[in-house]
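Asks: Dock chain V with the ligands against the given chain F, drawing on the hints supplied.
Residue numbers (my numbering), protein chains in the order written: chain F, 392 to 753; chain V, 392 to 753.
Hints in this document: simulated from the structure, not taken from any laboratory.
Source: prediction; values computed, not measured.
Be aware that a few hints might be false.
Heads up, the list lumps identical chains together, so a pair's fine if it works in one copy or across two of them.
Distance condition first, Cα-Cα at most 35 angstroms in a straight line; then the derived DSBU-like pairs of lysine-lysine [to be verified]:
{"#": "1", "residue 1": "K719", "residue 2": "K422"}
{"#": "2", "residue 1": "K565", "residue 2": "K480"}
{"#": "3", "residue 1": "K480", "residue 2": "K601"}
{"#": "4", "residue 1": "K719", "residue 2": "K601"}
{"#": "5", "residue 1": "K422", "residue 2": "K685"}
{"#": "6", "residue 1": "K422", "residue 2": "K714"}
{"#": "7", "residue 1": "K719", "residue 2": "K685"}
{"#": "8", "residue 1": "K726", "residue 2": "K592"}
{"#": "9", "residue 1": "K480", "residue 2": "K464"}
{"#": "10", "residue 1": "K592", "residue 2": "K565"}
{"#": "11", "residue 1": "K480", "residue 2": "K719"}
{"#": "12", "residue 1": "K714", "residue 2": "K480"}
{"#": "13", "residue 1": "K726", "residue 2": "K685"}
{"#": "14", "residue 1": "K714", "residue 2": "K449"}
{"#": "15", "residue 1": "K565", "residue 2": "K464"}
{"#": "16", "residue 1": "K449", "residue 2": "K719"}
Number of protein chains: 2
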Amino acid sequence: MLCVNVELQERRYPILIGSGLLQNEQNYPVKQGDRVMIVTNPTVAQFYLESVMTALQKRGAVTEYVLIPDGEKYKTLESLNLIFTALLKANHGRDTTIIALGGGVIGDVAGFAAASYQRGVRLIQIPTTLLSQVDSSVGGKTAVNHELGKNMIGAFYQPSMVLIDTLTLNTLPKREVNAGLAEVIKYGAILDNEFFVWLEKHVDDLVALKQDILQHCVARCCRIKADVVARDETEKGDRALLNLGHTFGHAIETHLGYGNWLHGEAVSTGMMVAAVLSEELGHLSLADVSRLEKLLARANLPTVSPDTMQPEDYLPHMMRDKKVLAGKLRLVLLKSLGQAYVATNTDHTLVLNAIRRCTQTD
Amino acid sequence: MLCVNVELQERRYPILIGSGLLQNEQNYPVKQGDRVMIVTNPTVAQFYLESVMTALQKRGAVTEYVLIPDGEKYKTLESLNLIFTALLKANHGRDTTIIALGGGVIGDVAGFAAASYQRGVRLIQIPTTLLSQVDSSVGGKTAVNHELGKNMIGAFYQPSMVLIDTLTLNTLPKREVNAGLAEVIKYGAILDNEFFVWLEKHVDDLVALKQDILQHCVARCCRIKADVVARDETEKGDRALLNLGHTFGHAIETHLGYGNWLHGEAVSTGMMVAAVLSEELGHLSLADVSRLEKLLARANLPTVSPDTMQPEDYLPHMMRDKKVLAGKLRLVLLKSLGQAYVATNTDHTLVLNAIRRCTQTD
Ligand SMILES: NC(=O)c1ccc[n+]([C@@H]2O[C@H](COP(=O)([O-])OP(=O)(O)OC[C@H]3O[C@@H](n4cnc5c(N)ncnc54)[C@H](O)[C@@H]3O)[C@@H](O)[C@H]2O)c1
Ligand SMILES: NC(=O)c1ccc[n+]([C@@H]2O[C@H](COP(=O)([O-])OP(=O)(O)OC[C@H]3O[C@@H](n4cnc5c(N)ncnc54)[C@H](O)[C@@H]3O)[C@@H](O)[C@H]2O)c1
Ligand SMILES: [Zn+2]
Ligand SMILES: [Zn+2]
Numbered sequence: 392m393l394c395v396n397v398e399l400q401e402r403r404y405p406i407l408i409g410s411g412l413l414q415n416e417q418n419y420p421v422k423q424g425d426r427v428m429i430v431t432n433p434t435v436a437q438f439y440l441e442s443v444m445t446a447l448q449k450r451g452a453v454t455e456y457v458l459i460p461d462g463e464k465y466k467t468l469e470s471l472n473l474i475f476t477a478l479l480k481a482n483h484g485r486d487t488t489i490i491a492l493g494g495g496v497i498g499d500v501a502g503f504a505a506a507s508y509q510r511g512v513r514l515i516q517i518p519t520t521l522l523s524q525v526d527s528s529v530g531g532k533t534a535v536n537h538e539l540g541k542n543m544i545g546a547f548y549q550p551s552m553v554l555i556d557t558l559t560l561n562t563l564p565k566r567e568v569n570a571g572l573a574e575v576i577k578y579g580a581i582l583d584n585e586f587f588v589w590l591e592k593h594v595d596d597l598v599a600l601k602q603d604i605l606q607h608c609v610a611r612c613c614r615i616k617a618d619v620v621a622r623d624e625t626e627k628g629d630r631a632l633l634n635l636g637h638t639f640g641h642a643i644e645t646h647l648g649y650g651n652w653l654h655g656e657a658v659s660t661g662m663m664v665a666a667v668l669s670e671e672l673g674h675l676s677l678a679d680v681s682r683l684e685k686l687l688a689r690a691n692l693p694t695v696s697p698d699t700m701q702p703e704d705y706l707p708h709m710m711r712d713k714k715v716l717a718g719k720l721r722l723v724l725l726k727s728l729g730q731a732y733v734a735t736n737t738d739h740t741l742v743l744n745a746i747r748r749c750t751q752t753d
Numbered sequence: 392m393l394c395v396n397v398e399l400q401e402r403r404y405p406i407l408i409g410s411g412l413l414q415n416e417q418n419y420p421v422k423q424g425d426r427v428m429i430v431t432n433p434t435v436a437q438f439y440l441e442s443v444m445t446a447l448q449k450r451g452a453v454t455e456y457v458l459i460p461d462g463e464k465y466k467t468l469e470s471l472n473l474i475f476t477a478l479l480k481a482n483h484g485r486d487t488t489i490i491a492l493g494g495g496v497i498g499d500v501a502g503f504a505a506a507s508y509q510r511g512v513r514l515i516q517i518p519t520t521l522l523s524q525v526d527s528s529v530g531g532k533t534a535v536n537h538e539l540g541k542n543m544i545g546a547f548y549q550p551s552m553v554l555i556d557t558l559t560l561n562t563l564p565k566r567e568v569n570a571g572l573a574e575v576i577k578y579g580a581i582l583d584n585e586f587f588v589w590l591e592k593h594v595d596d597l598v599a600l601k602q603d604i605l606q607h608c609v610a611r612c613c614r615i616k617a618d619v620v621a622r623d624e625t626e627k628g629d630r631a632l633l634n635l636g637h638t639f640g641h642a643i644e645t646h647l648g649y650g651n652w653l654h655g656e657a658v659s660t661g662m663m664v665a666a667v668l669s670e671e672l673g674h675l676s677l678a679d680v681s682r683l684e685k686l687l688a689r690a691n692l693p694t695v696s697p698d699t700m701q702p703e704d705y706l707p708h709m710m711r712d713k714k715v716l717a718g719k720l721r722l723v724l725l726k727s728l729g730q731a732y733v734a735t736n737t738d739h740t741l742v743l744n745a746i747r748r749c750t751q752t753d
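Just chain F, with the same shape it has in the complex:
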């Protein structure tokens, strides 16, 4: 088992990473009589709900669960309200614990529920997708979507622990595993050239879910993200780098409607656009752009814009991005593979051009 500690201004919390952690009741920070509400969805519940409940009950916790429908389109205020209703019907007080058992959608909704139920109750994250293990469960961002924009409603709220069982990835659809690898590759690209090179060696083992390689990889990503978050808890500065590819990616997701392209897939193409734009600005070599493209392709990720989307479709969505300040676009771009920076006020023509270069033209 590996352990990564996240150090925050006010407190620290641990991320435990290993194979088969869910079954072992020792891993759960609950005691006799504690009340726990597990938030999950039917897909994840069929595989893991029983193990988690059994382990919690072995510790003497009083355990209930609430299911929200599966899918990004249910990452809404309505789903949030389902959780509140379940908590209130069963008379849960301020001393309850919410456990988010599932991917990033569950983590974000359950996390926001924990942030706002009675103005804040304890939260444990058990992420079960690669994306949520390396990204969404670390850092305390929680949110639901609004029909006019993704993640527009939420809170910064830190869990008291994150429990990552990499064996859960065995039941995850391959396409979802690959989408998670987009975020993994992102960490290498923005901050860690050595890790990028490591990924070029081990990406096939990751795709094949080799457990030891996987654990090393997840721990490295959590470490990188935890460090960034510790430096910048509420995203005033450095943390923005984690959004490499995301401004373009969110435009794709919003344009296609949530759930058609996976988040990681959209981010993959988004990183390609950012890389091409960085090349146009004279930072990246064409060779480096192509290394990124190859790595993404080996993880079976898209590297070009969806055919149903025109280059002109991007900017209106992008101007709604949370990073926009006083009407000016701010983009995360690359100085080199392993070093990202925030570019302000990039010329819209150059942006459009980079998008065009990442558009399939056959």
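Replies: Positioned in the frame of chain F, the structure of chain V with the ligands alone reads:
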């Protein structure tokens, strides 16, 4: 103009108190080009929206507003969503400012919207009821209701300033003014015997809205609340004292359905129950119970339980209170007039008895 500073761990913010503050653009901490979304309701808008917008525009702010329907029953996730929709339709970014212009309902909903829109934007409170001026606008509690419980969904979120114009109380229905006086009297009862005695002298001037007396009173209440909040930002300890009468009061509000008795009216009767219970426990003299009763009566406030509610109806609601810990009731009671404490695990028979003594039997 009076100014009370609220000192928090991370920052401080001012509460300005005076007559005619709304009209004066100097009082608004905005600059040329700032975007502002005013959240208000039709009732308050007819009196004050234009003045506030004009003042903001004099400072060069770009000002919009969104109306939510008037009333406690609209303190919901749906109203919250109206605010998000207005913000998103007009492309407001993270650098926007939300102004809550209205009573406690507007303050709580708009405050929670500010806490959660894009995970937090700037908030200015302009409370226009006595209750919101002395209580809800200070301390950073925000919330909406759930059909199964009041204020069950929310956040701790501090405004960057509070602007209190006591002239706005001239348009407030008298019944609402009186309800606000319940919270005023509460401050005397829990923490400040000297203020309680001052209130016994000046309550008639307060009912008559004498401006200088009113300003002194509002500032004193804000000072008391600000001190308590500064000591205990997230309600782990001392802050609970502010809930004198509220556990009983919330039971009344929930039982009658939100909006039948005003919050302050329910708190008034709730304080009487707490006082009677304190007398039963040997803390308060019967004379002190009667001083409290007289002061509340001079403010035209109810001091007995609603006729449509049976003593037995209270406890089930009370057990859902946020102060309940591990299934045990925690009540704020009085050691004396001016000194409150938190009683844990009070005998339910005594509680029921106190409620009975505050029930009209004719
Ligand atoms: N909070 C953050 O910092 C942050 C960061 C990145 C992404 N996100 C959010 O995360 C979400 C995407 O998360 P995701 O990619 O995990 O998607 P997801 O939660 O929708 O999970 C993908 C699918 O896999 C299923 N699933 C989950 N675990 C499984 C398992 N072990 N076995 C079989 N099926 C399983 C889910 O039910 C779902 O159908 C987006 O909403 C995104 O906005 C948040
Ligand atoms: N956040 C906190 O710490 C806190 C503390 C106490 C109470 N509260 C909440 O505050 C709410 C009650 O607030 P309230 O008593 O201000 O009620 P309110 O906001 O409903 O206002 C009462 C009525 O007066 C109207 N009004 C407001 N200002 C007016 C003015 N100047 N002239 C004419 N009409 C005016 C309103 O439109 C409404 O119809 C409750 O929801 C309660 O839970 C919150
Ligand atoms: Zn992402
Ligand atoms: Zn109150």
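Asks: Regarding K480 and K464, is the shortest C-alpha distance of 35 angstroms or less found within a copy, between copies, in both, or in neither?
Replies: Both: 25 angstroms inside a copy, 20 angstroms across copies.
Asks: Between the shortest in-copy and the shortest cross-copy C-alpha distance, which are at most 35 angstroms for K719 and K685: within, between, both, or neither?
Replies: Answer is within: at 32 angstroms inside a copy they meet the 35 angstroms cutoff, but 61 angstroms across does not.
Asks: Taking 35 angstroms as the upper bound on the Cα-Cα distance, should K480 and K719 be classified as within, between, both, or neither?
Replies: Classified as between: cross-chain Cα gap 18 angstroms, same-chain 46 angstroms, threshold 35 angstroms.
Asks: Please sort K565 with K464 into within, between, both or neither, judging by C-alpha distance up to 35 angstroms.
Replies: within (21 angstroms within a copy, 47 angstroms between copies)
Asks: For the identical chains here, do K422 and K714 meet the 35 angstroms Cα criterion within one copy, between copies, both, or neither?
Replies: between (42 angstroms within a copy, 21 angstroms between copies)
Asks: Quick one: K422 to K685, C-alpha cut-off 35 angstroms, is that within a copy, between copies, both, or neither?
Replies: Neither, since 49 angstroms and 49 angstroms both go past 35 angstroms.
Asks: Which holds for K449 with K719 at a C-alpha limit of 35 angstroms: within a copy, between copies, both or neither?
Replies: Classified as between; 24 angstroms across copies, 54 angstroms inside a copy.
Asks: Check K714 against K449 for me: Cα-Cα at most 35 angstroms, and say if that holds within a copy, between copies, both or neither.
Replies: For K714 and K449, only the inter-copy Cα distance (28 angstroms) is at most 35 angstroms; the intra-copy one is 45 angstroms.
Asks: Are the CA atoms of K714 and K480 at most 35 angstroms apart within a copy, between copies, both, or neither?
Replies: Between copies only: 17 angstroms across, 39 angstroms inside.
Asks: From the Cα coordinates, with 35 angstroms as the cut-off, is the pair K565 and K480 best called within, between, both, or neither?
Replies: Neither: 38 angstroms inside a copy, 37 angstroms across copies.
Asks: Classify it for me, K592 with K565: is the Cα-Cα distance of at most 35 angstroms met within a copy, between copies, both or neither?
Replies: Answer is within; shortest intra-copy Cα gap is 20 angstroms, inter-copy 76 angstroms.
Asks: How do K480 and K601 come out at 35 angstroms by Cα distance, when the copy is not named: within, between, both, or neither?
Replies: neither (43 angstroms within a copy, 46 angstroms between copies)
Hint compliance for this structure: hints 2, 3, 4, 5 are broken, all remaining hints hold.
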